[in-house]
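Peer 1: Chain order of the listed sequences is F and H. For the first sequence, position 91 (counting from the first letter as 1) is numbered 90 according to numbering that gives the first Met the number 0, and the numbering increases by one without interruption. For the second sequence, position 172 (counting from the first letter as 1) is numbered 171 according to numbering that gives the first Met the number 0, and the numbering increases by one without interruption.
Note that these hints are calculated values from the structure, not bench results. Each hint should be verified, as a subset may be incorrect.
Computed beta-carbon distance windows for the label pairs [said to hold, decoys possible]:
no.: 1; chain 1: F; residue 1: Pro111; chain 2: H; residue 2: Thr293; range: 31 to 39 Å
no.: 2; chain 1: F; residue 1: Ala145; chain 2: H; residue 2: Leu260; range: 55 to 63 Å
no.: 3; chain 1: H; residue 1: Arg360; chain 2: F; residue 2: Glu113; range: 44 to 52 Å
no.: 4; chain 1: H; residue 1: Ala123; chain 2: F; residue 2: Arg226; range: 36 to 44 Å
Here are a few chain H residues that face chain F, going by a calculated C-beta distance under 8 Å [what the hints assert, rightly or not]:
no.: 5; residue: Val128
no.: 6; residue: Cys134
no.: 7; residue: Pro137
no.: 8; residue: Thr281
no.: 9; residue: Leu305
no.: 10; residue: Ser314
Glycine included, every Cβ here is placed at the ideal spot set by N, Cα and C.
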Amino acid sequence: MTSPDGQPSPNPYIPSLADIVEKRRETRGTYTYRLRLRNEATRRAFRFRPGQFNMVYAFGAGEVPISIVSDPDESESLDHTIRVVGSVTGVLDRLGPGDMVGLRGPYGSWWPLEEVRGKDVVLVTGGLGCAPVVAVINYIVRRRDAYGTLKILHGIKTPRDLVFRERFRAWARHPNTEVYLTVDRPDRTWRYHVGMVTNLFSQVRIDPARSVVMMCGPEVMMRYAVRSLLANGMPADGVFLSMERNMKCAVGFCGHCQLGPEFVCKDGPIFRYDRIRRWFEHPDV
Amino acid sequence: MQIVERSAFPVLCEALQRRGYELVGPTLRDGAIVYDRLASADDLPIGWTDAQEAGTYRLARRSDRALFGYAVGPHSWKKYFLPPALRLWRAERREGGFDVVAGDDEPPQLALIGVRSCELHAIAIQDKVFVEGACVDPYYRAQRDRVFILAVNCGVAGGTCFCASMNTGPKATFGFDLALTEVLEGDRHTFAVEVGTARGEEVLREVSSTVATAGERAAADAVVARTAASMGRRLDTTDIKQLLYDNLDHPRWDEVAARCLTCANCTMACPTCFCTTVEDVTDLSGDHAERWRTWDSCFTMDFSHLRGVGSVRSSSKARYRQWMTHKLATWIDQFGVSGCVGCGRCITWCPVGIDITEEVRAIREGTG
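Extracted from the complex, chain F is given alone in its bound form:
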């Protein structure tokens, strides 16, 4: 067991070294880092699917689980959108091109993008944690003909919290793509909807028979959204959620991420709703 610059390590705790090749500002305090694994063999062997995440290590500060938002066919580099909120992301905030981070992954389950080809895809996101569905959007817009209508429903607190502002505009211009933005507290410049993301369901036509719903964001938002969707005929096995839990190891050892019998790190973070229903409906299990 030695350097991560060697072959892929059999020791799951050891991060591989990755260079920051680009850092793009998305909104205040939110950046997308383009990372490139330094070791060529590790880079070649790295395969992921949208929805999966990496543990990103900042030297001396620690690790954070971060969803991979780049395209899975783009193997040279990996994009991670990071919001600066804590001690580890605070250190990452000070890093840029030329600096290095540690990377372990990819971990977890993925969105069922292969299985739902041909269907309408409805994305419901809220708050600032929409990175996992950005991976879906990026994936679908590159393979536009393989899917039906793409409906993006995104709710945030204030207009200033809109991450990916430019990208939302760009996505809305794609064929067969609808973008619905809503804020709790609008300002004078806000031109879109006002209210909770669940309010959008009355305005967006969702055909349960030919749609799949994928959501991520604050749990309370998802709880209301699922309830509303199910009440409107969406089957529980047509709804997928990206869950967030405290996570230390990402390989099912540390125990922190348990959600009932599920380990969010390895059984999730993407769950089909019917699989976790019993636990999801209890806010504090």
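Let chain F serve as the given structure and place chain H on it in line with the hints.
Peer 2: The following block gives chain H in isolation, referenced to the frame of chain F:
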């Protein structure tokens, strides 16, 4: 089955030491029987026993000179396989980045002396977590691969023991190199020895022994039968997974939460609880970083903390329910077995004497 005289027991220990094993096992310290290094068989708690009840542990003298005449103490063997604090790796800053180096010290060869049946089950359960899944913990496995296990069939049942009802004891049935039953009859003090592995057989060959007679076999069986019959407690496991899954809102959780101090003692003493956290440290120069793994507990607020949300399980009710539901129910979905081996440690070492068998009974009886 072979019979080894008490006088030959040190020879057995020496045979293990000659093979390069350090002896670890029960010994007296701080008013309890704990697991630690043993210089020789003389370090065992000879002639001692313990009296255990919910929230109570007291040492007491036995009327004989038994080597293993007590139940399990506050320690469990997990401290050797999953150390309370372990450096996972260190990293050194260098030009253009940093290097990460794993802890590659080969662990010592340990002979675990006096492993009880419930503990063999506990080790097997942690094996499922750390070596039998998709991902293997290299540190756990390295130590796990370097132990000799000398099991002991229990000669006494503690007041908080309930292995018989969990089907995890008191007789060792797998996972050992050698298993002993200590038999004290009048002036005779012997060990009935069963062989579990070829390695165990080799060690036994260095100790003078005789083939057990029918009478000696019966005497050894009687020891185990007596222990099984004198279990302090029992837990009815009938449909227990469904029972707990169906009762996440049972009023008993509020009742137990009013008593629970969320001190985490039960999780520290539990031989199967495996949760850990990590700590990243740097030295003053900032050029040297380390990542340490330490035991953690689902009873802390931090355990389930999410930024922007707080603790997912902020009430002691939610945390006690998580612990017990995991131990007895969700564990079965995760690993195919219960996470409880009936050792009773969580009952004995709970400062307010919360009794997991009583909590299950209350939920069962309060359910139509």
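Peer 1: Sort out which numbered hints this structure fails and list those numbers smallest first.
Peer 2: Hint check: nothing fails, all pass.
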